[in-house]
Each structure stands twice: as structure tokens, then as C-alpha cells.
Amino acid sequence: MNTPSRFGITPGRVLAREYRVDRMLGAGYEGEVYLVTERLTGASRAAKLFFPERNERDKAAMHYARKLEGLRDCDIVIQYHHTQKLRLRGCDVTMLVSEFVEGVILDDLVNAYPGARMQPFEAMCVLRSIAAGLAPVHERREYHGDIHSGNILVRRRGVHYDVKLVDMYDHGRATKAHIVDDMCNVIRVFYDLLGGQKFYAKHPQVAKSICCGLKRTLIEQRYPTAWHLCRYLDSVQW
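Quick note on numbering: the sequence shown equals residues 1076 to 1313 in the working numbering.
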């Protein structure tokens, strides 16, 4: 990660007297995420520092923490530990500490493939893992709100993929439309794993049937939740 820290944080710095910074893991709209080591135990953690202007009255941090805590038993969700305040560059900054999960951002994984695309069957395996992980979230009438390949952490285990979703986004109280948005975004991830529009015409019909031409009405009709997508993938004729 070569992106400079907006907070001026460098490896070796100690945050809140408890966490030694190892390296930056990423930066996004809401803030920066670091791999840190808990000084007392030596345990690795992920620390998300929210940009103050993106976290007025701690709304973003509290939403994220409460959603992670409420979905603690969903395997696709990163385990939340706690939240605390820091003083950085003259500003109060909220730090959310969670488990650190080994893996690769899906974007980076796909970019390492020839032509930056997966073959259909492998992409279907990734899609099945995402859908299976997201299904319990939808069962609770919750949503992620910002699913894309830059927010999906994957680790290959044999022929399977372990998947975690990061950076849930707050679009307000969960509605059916939010869940449909999740499903459209998941299908778009699959479409992009295959190389997008450039290669779409050459895909086997089974891949096209999953993509539904990226038409929202067709996706909603076929996969109103992630459970429906799981069942479809488990029964599709390859």
C-alpha cells in the first residue's frame, strides 16, 4: 500500500497506547484501515480510523459498529471488538477495532489472472461463496449497501473460497430495495470477474443466465435474496 496516510500515521506508531501500527491496509471514502498489533497480547487487529468530516456525531462509526455487532454470527461479517477515541492532528478521531482477516482483495486477485478475468466455473465458485455468506444477512432483513470487488476479501482454501465483506454502508433503515441493490451488485461482481462487457458475448449460456443481462427487474425476479441465488447456483445445469 503506497497511499500516504492523511492522518500522518507511519509503521511503528502507537495508537491509544495499546496498538502498534504495522502497515496501512487500505483507504476509502470514510477513512483509513491499518493492520495493528495489540501490545499487551501480540494479537493482530484491524483498526479503521474515520475521517471526522465523514463521521459527524459518530454516525458512520456507530452504524458500522452496531451492524457488525448485530450480525456477529454471520460468517461473512468481520468480528467487531470495540471503538475508542484518538486525538490526531488536532482532531478527535474515532477508531473502530475489529478482527484482522488474512486474505486478498478480490480486485487484486482477479488482476493477477491472465487478461484480468476468471474462467466461468471458477467465477461461479466465488459467486457461490459470496451468496452463501450474504444469505444469513438478508435473512435478518439487513443489507451490506456497497458490495463491489474492492470490498470483498477472499482466501482460497482448496477448491473453496473463504469470503469476508468489508465497509458496510449506511443507506438508512433496511428495505426490500436495499436487499435488491445488494443482489444487483453481487451479480455485477460476477459479471466483472468474467471480464465485463468485452467478453460477455463469448460466455457460455449458463454464465449469461446468471447475469440476467444486468437487468434489475430480472435479477430481482430470479434472486430476491442471496438464498435464492444459492439455490439457483446449486441447481443450474452446467
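Wrong hints could be hidden among the right ones.
With a cut-off of at most 27 angstroms between alpha-carbon atoms, the simulated DSS-like pairs for lysine-lysine come out as follows [claimed, not checked]:
#1 K1283 with K1239
#2 K1134 with K1160
#3 K1251 with K1277
#4 K1134 with K1251
#5 K1239 with K1290
#6 K1251 with K1142
#7 K1239 with K1251
#8 K1290 with K1160
#9 K1142 with K1160
#10 K1142 with K1239
Restraint ranges, calculated between C-beta atoms of paired labels, are given here [to be verified]:
#11 G1165 with R1291: 20 to 30 angstroms
#12 K1160 with R1231: 20 to 30 angstroms
#13 Q1296 with D1182: 24 to 34 angstroms
Simulated from the structure, these hints should not be mistaken for lab results. Glycine included, each C-beta is placed from N, C-alpha and C at the ideal position.
How the hints compare with the structure:
1. K1283 with K1239: Roughly 25 angstroms separates the two Cα atoms, so the pair holds.
2. K1134 with K1160: 14 angstroms, holds
3. K1251 with K1277: At roughly 33 angstroms apart (the allowed maximum being 27 angstroms), K1277 and K1251 break the hint.
4. K1134 with K1251: The hint holds at about 23 angstroms.
5. K1239 with K1290: 26 angstroms, holds
6. K1251 with K1142: Roughly 17 angstroms separates the two Cα atoms, so the pair holds.
7. K1239 with K1251: 23 angstroms, holds
8. K1290 with K1160: 44 angstroms, violated
9. K1142 with K1160: 19 angstroms, holds
10. K1142 with K1239: 15 angstroms, holds
11. G1165 with R1291: 20 to 30 angstroms: 45 angstroms, violated
12. K1160 with R1231: 20 to 30 angstroms: For R1231 against K1160, whose Cβ atoms are near 38 angstroms apart, the range 20 to 30 angstroms is violated.
13. Q1296 with D1182: 24 to 34 angstroms: Given range 24 to 34 angstroms: holds, Cβ gap about 29 angstroms.
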